[in-house]
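These protein sequence lines map, in sequence, to chains A and B.
Numbering follows numbering that gives the first Met the number 0, in which position 1 of the first sequence is assigned residue number 0; successive positions increment by one, without gaps.
Numbering follows numbering that gives the first Met the number 0, in which position 374 of the second sequence is assigned residue number 373; successive positions increment by one, without gaps.
If you're looking for bench data, these hints aren't it; they were derived computationally from the structure.
Hints may be right or wrong, so weigh each one.
Stated by the list, open to error - Heads up, incomplete: computed chain B residues facing chain A, CB under 10 Å, no partners named:
hint : residue
1    : L232
2    : I236
3    : G249
4    : D250
5    : S301
6    : I302
7    : N304
8    : P327
9    : G330
Claimed, not checked - Heads up, simulated DSSO-like pairs for lysine-lysine below, C-alpha to C-alpha not over 27 Å straight-line:
hint : chain 1 : residue 1 : chain 2 : residue 2
10   : A       : K90       : B       : K141
11   : B       : K159      : A       : K51
12   : B       : K363      : B       : K202
Remember, predicted model here, so these are calculated numbers, not experimental data.
All residues carry an ideal CB built from backbone N, CA and C; glycine is no exception.
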Amino acid sequence: MRIVDHPILGKLKERKKVFIEVDGRKIEAYEGEPIAAALLAAGVRVFRYTSKEKEPRGLFCAIGRCTDCVMIVDGIPNVRTCVTSVRDGMKIETQKGLGKWRK
Amino acid sequence: MHFPLSCEVVIIGGGMMGLSTAYRLAQAGCDVIVLEWRNIASGASGRNGGQIIQLDGRDKDQKSISQRLIYAKENTKLLDELYEELDYDFELNRCGSFDVAFSKKDAEELMELVEIQRKAGDKEIEFLEGDEVQRLFPVLRKDVYGARYRPTDGNLEPLKLTYGLAKAAKKYGAKIFTHSKVDKILVDHIGVTGVSIQGRTIKTKWVVNATNAWASILTPEVDILPLRDVAVLTEEIASIPPSPIETIIGDELVFTTTQTRSGNVLVGGRTEARFRKDQYKEDVTLEELRENVSIISEFFPSISNVNVIRAWAGTMAFTADGFPCIGPMPGVKGLIISAGFNNGMGYVAITGKLVSEYILHNGKTSLPLDPFDPARFYKKKIKWPEPYNYSIITKFLGRL
């Protein structure tokens, strides 16, 4: 899902394409956009599962306040995907509970 | 407060040592009361990290190591039993502990220590190579040279342990009075006659001074040094893992960390040097907060973005040889000292057991109290360095 023609902001500008890996799946993203935007465009809605009830969570406030969208990014858990820009080759994992440190 | 007029045993101090003793005594049917000047676990019992490090420090004396091991092993066994016995989950986690080296020289020293300890009969201790430590601790800085590792160490929640002991002691009939400050231990020419509290007198034959860092205030004949330490706590994060880590570079403790069951990482170890009277202050200065937080970014680069949510200080205690004072006070029949602890988890269960046995069985205990005999410091004035902190004191005692 991407808005290609916004009534106020106008048409979506052409930008350089990069690739990120989400739970082992390669998806396309635009350079500089938040991870969460790329995930939504690729149809990913569940970003993490809660610690106690294991309930799915995804994008909520989208401005870096609520921490509902945190995921494991390049081995570091609790990264807010709505305020973190994509980088080519980034590895992103759905976070279960508090996640897992890989580095 | 409705203090009783008399009782069999008065325990001064509602921390884990006092309550561990009260629990054992009450269980044996003894009429025991606990007098605490603030609240349960207000002192070091509620402020430490709960690290279970059975053989703390860098002792190189084989005889001393093998002797200490007997008490440490018994204490660990009793902790396991308490975890089953007490109707209170104090989050005991036997996840191992690490003494990490960040230079070749330190790693060589640790290797030597492991060898000495193994010769002294310590079968558990082992040396882990740098890449093994890195595999177990992915968040640690990459220049790890190795670590001294004990798989049976771990951590627990000290506040919960103390409350668990209090609850169990009460169940068996112990009376606990909080906000009750003892003014004086009353003695005659033979021994203890009672305690004086808020203008009243409680008659008793036995008094246990379990006030740790405050012990010398009530019993000035034994010099017990208060020592302040600072703790900084992060938000809940994934397991790093939870095992306590210590790093000593040269002869200075650089930091200690441990992670709670819920995932908060506790960091401590850097405090400013202060005079004796200022060792009881429980607030943290901005400089100390900065110093301890910088440990995270320096040694744990991956978690340097984690938020710190709380910081506090607490006061532990040192004696002139670094080991606690547990046992009868010379010259005063019925007065027992149980203080001078700087590694409470390593002694909490065994202290309660041995002190209660001493009281119940006329001075007979299942393990001798000799190594901890308060007589070794009786009326000895020690010229402590001033101002001081953990580093200065351990250097002074030659103990790290």
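Structure-based check of all given hints:
1. Hint on L232/B is violated. Least Cβ distance to chain A is approximately 15 Å, over the 10 Å limit.
2. Here the hint on I236/B is kept, as its CB sits about 6 Å from the closest CB of chain A, short of 10 Å.
3. Contact between G249/B and chain A, as hinted, is not supported at the beta carbon level, the nearest pair being about 28 Å apart and thus beyond 10 Å.
4. Against a cut-off of 10 Å between C-beta atoms, the interface hint on D250/B is violated, since the closest Cβ of chain A lies about 31 Å away.
5. The interface hint given for S301/B holds, since its Cβ lies 6 Å from the closest Cβ of chain A, which is under the 10 Å cut-off.
6. Proximity of I302/B to chain A holds as hinted, the smallest CB-CB distance being about 7 Å (cut-off 10 Å).
7. Hint status for N304/B: holds, given a least beta-carbon distance of 8 Å to chain A, under 10 Å.
8. At a threshold of 10 Å, the smallest CB-CB gap from P327/B to chain A is about 49 Å, leaving the interface hint violated.
9. A cut of 10 Å between beta carbons decides the hint on G330/B: the least distance to chain A is about 56 Å, and the hint is violated.
10. Only pairs whose Cα atoms come within 27 Å are accepted, and K90/A paired with K141/B is accepted, the gap being roughly 21 Å.
11. In summary, the hint linking K159/B to K51/A is supported, as the alpha carbons are separated by about 22 Å, within the 27 Å threshold.
12. About 24 Å separates the Cα atoms of K363/B and K202/B, which keeps this hinted pair within 27 Å; it holds.
In summary, the structure is inconsistent with hints 1, 3, 4, 8 and 9 from the numbered list given earlier, while agreeing with the others.
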